[in-house]
Amino acid sequence: MSAPITPTLLYLDNVSVSFDGFRALNALSLAVDHAEMRAIIGPNGAGKTTMMDVITGKTKPNEGTALYEGTHDLTSLDEAAIAELGIGRKFQTPTVFEMHTVEDNLLLALKNKRGPLATLFSGIAAQGRERIDVLLERVRLTAQRHRRAGELSHGQKQWLEIGMLLAQEPKLLLIDEPAAGMTDYETADTADLLRDIARSKAVIVVEHDMTFVRELGVKVTCLHEGSVLAEGSLDAVSANERVVEVYLGR
Amino acid sequence: MRTQSLFDRQTIIVLSLLAASAILVPAMNGLTSPESALHLSDHLVPLLGKYVCFALLALSVDLIWGFCGILSLGHGAFFALGGYAMGMYLMRQIGPRGAYADPVLPDFMVFLNWKELPWFWHGFDWFPFAALMVLLVPGVLAFIFGWFAFRSRVTGVYFSIITQAMTFALMLAFFRNDMGLGGNNGLTDFKEILGFSVQAKSTRIALFVLSVLALAGGYLLCRWVVGSKFGKVLVAVRDAESRTRFLGYCVEHYKLAVFALSAMLAGVAGALYVPQVGIINPSEFAPANSIEVVIWVAVGGRGTLAGAILGALLVNAGKTWFTAVLPEFWLFALGSLFVFVTLFMSRGVLGAVRDLWEHSNQKVRARRSPQPISHAAE
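Respectively, the protein sequence lines represent chains A and B.
According to the UniProt record's numbering, the first sequence holds residues 1 to 250 in order.
According to the UniProt record's numbering, the second sequence holds residues 1 to 378 in order.
I should point out that these hints are in silico values taken from the structure, not numbers from a laboratory.
Please read these numbers as outputs of a predicted model, since none were measured by experiment.
Note that the Cβ used here is the ideal one computed from N, Cα and C, for glycine as well.
Treat the hints loosely; a few may be bogus.
Covered stretches of chain A (chain B as the covering partner; in silico rule of three or more C-beta atoms under 8 Å from a C-beta of chain B) [said to hold, decoys possible]:
#1 85 to 91
#2 195 to 209
Just a sample of chain A residues kept apart from chain B, beta carbon distances all over 10 Å, derived [said to hold, decoys possible]:
#3 D73
#4 D78
#5 T142
#6 A180
#7 H224
Pairwise CB distance ranges (calculated) [what the hints assert, rightly or not]:
#8 A:A118 - B:D355: 34 to 40 Å
#9 B:W357 - A:R147: 20 to 26 Å
#10 A:G45 - B:A352: 43 to 49 Å
#11 A:P7 - B:F143: 43 to 49 Å
#12 B:F127 - A:R147: 49 to 55 Å
#13 A:F19 - B:V277: 52 to 58 Å
#14 A:R199 - B:L221: 44 to 50 Å
#15 B:S242 - A:H34: 25 to 31 Å
#16 B:T320 - A:D78: 46 to 52 Å
#17 B:L221 - A:F19: 42 to 48 Å
#18 A:Q92 - B:L356: 38 to 44 Å
#19 A:R140 - B:L221: 36 to 42 Å
#20 B:G156 - A:R147: 51 to 57 Å
#21 A:E231 - B:V157: 30 to 36 Å
Build out the structure end to end from the sequences listed, making use of the hints.
Pasting the structure below:
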């Protein structure tokens, strides 16, 4: 492995992805620093989810560079390997293990050996109990500990999934529409939680809800047709004529 | 942290029933007089032993289907391969007592005018080697098959279809005489196993007891696997495969491990089945056989392990009874049973029994306490 060619945590350069001739990403370039929070906005089909797919190894780009910590080539690794490097991902619709208890969901996410032999012979009993206690507190699910994840409300599932992400101890979190389907109160809480997380970790949030993005108060990148249209503070981006044109169709 | 104890109520019930059958069946067959109402006639012992082997096969299917969501419609192939490995040992034990009295070559080879034993028949005269092959042949095939399938992320019905293709291809291959495994007729006319006559009453009882022990051991092994953290990962893969991947688990490795383990269990079931029925032939690879196993599991209750055993025993006992009374309607009955269970008992017989049990418990509790509990709780 060579010396880092970039000091940023995540470095995407000139990334393009085509599906049957449709260019989902078109020479996209983006850099995210350590412990930076970035909000990604953009109309439907702008390539937000595809970008996440490229970073997490679900989709291989046709061309371009995707580097993590300046040394790891994300285009050559699979999902599991990338997760092990410290990139966690939350899906748009909350995806938790519905038949498992809240506690077991976190247990499975805890940073630990992931191989079949390690899990077959590992004792579950004492493992990471304190860690789970702390995480449950943090995502406010202590009372739901022994309930099946499938019985939780939509908002609770979102939080459980964020808790699972934290259990992985990642350095970079990709969060897809965390406020979708939440009440105003829950949305404000979620913004608080994410700001708190971003003190020590890099967070990329994809969001449609502008109130939520405003609450986050971070640098915003607006995507359009697979590439970056504008970047800067939310006010600067919303004042950008091209952005207004794309969003309002003027 | 709450962990599932290995010896919970279900396990104790299953093991007690198996222990009871391992004692009662030999006793009712050997110790009672033929006129007694409790007497179990000789032909029933291997028949029951056959059911027990099917139950072990069903257990192996439930391990992958019920807990990891891998619907194999080709598990009959692993069962048959384990059976062939045992059959090859039994053929070598015949020695010069065959119809052609060749000291080494089985009868069918003499008939085909073969002069020497094919390479893959060597070693099968030694029981430990044959026993090892019972595990290895299905295990290695499952590993290679699974490696290609899981690595290419073949899932769902596509996986089920290629497992059907696999067992069908093996059936065609084993039908050929050139394969050196008895072709159409398979392997039969066995004489001895470990020096005991396979026809003898005592051997049949011993084989029955061994089958029950294998089933109990297989059940405990599966129970241990699904109760471990490994088992929790399997369920995670079943319910949200991509979530599991993004948590950093290499899903392929888990599927491969459990698929190979399941194939080995199926192989053991096949190996115990062959000496009790006295024959193994390519029809055991028939795609329909593998589908039937899935029906047993669905009828008993998928994802419960005990349900797989129950389903295999119930459906096979039903089959024996039905094919004697109304043979031409058996397949219709089996089909209707599957439709009925799918529509009205989605969690199988075991699930329905559990629901009834909990329902009646609630009623008893409600009768005991004059105040409805639901109010007090709210």
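Structure-based check of each hint:
1. 85 to 91: This one holds; 3 residues, not fewer than the three required, reach chain B with a Cβ under 8 Å.
2. 195 to 209: violated (count 0)
3. D73: holds (18 Å)
4. D78: Contrary to the label, D78 (chain A) does not stay out of reach of chain B, its closest Cβ about 8 Å off (not over 10 Å).
5. T142: Consistent with the label, T142 (chain A) stays out of reach of chain B, its closest Cβ about 14 Å off (over 10 Å).
6. A180: holds (17 Å)
7. H224: holds (27 Å)
8. A:A118 - B:D355: 34 to 40 Å: Cβ of A118 (chain A) to Cβ of D355 (chain B): about 37 Å, so the range 34 to 40 Å holds.
9. B:W357 - A:R147: 20 to 26 Å: Between W357 (chain B) and R147 (chain A), where Cβ atoms are some 22 Å apart, the hint holds.
10. A:G45 - B:A352: 43 to 49 Å: For G45 (chain A) and A352 (chain B) the Cβ distance comes to about 48 Å; the hint holds.
11. A:P7 - B:F143: 43 to 49 Å: Given about 44 Å between the Cβ atoms, the range holds.
12. B:F127 - A:R147: 49 to 55 Å: holds (52 Å)
13. A:F19 - B:V277: 52 to 58 Å: holds (54 Å)
14. A:R199 - B:L221: 44 to 50 Å: holds (47 Å)
15. B:S242 - A:H34: 25 to 31 Å: Between S242 (chain B) and H34 (chain A), where Cβ atoms are some 27 Å apart, the hint holds.
16. B:T320 - A:D78: 46 to 52 Å: Given about 49 Å between the Cβ atoms, the range holds.
17. B:L221 - A:F19: 42 to 48 Å: holds (45 Å)
18. A:Q92 - B:L356: 38 to 44 Å: holds (41 Å)
19. A:R140 - B:L221: 36 to 42 Å: Holds, at about 40 Å.
20. B:G156 - A:R147: 51 to 57 Å: For R147 (chain A) against G156 (chain B), whose Cβ atoms are near 29 Å apart, the range 51 to 57 Å is violated.
21. A:E231 - B:V157: 30 to 36 Å: 45 Å Cβ-Cβ, so the 30 to 36 Å window is violated.
Consistency with the previously given hints fails for numbers 2, 4, 20, 21, ordered from lowest to highest.
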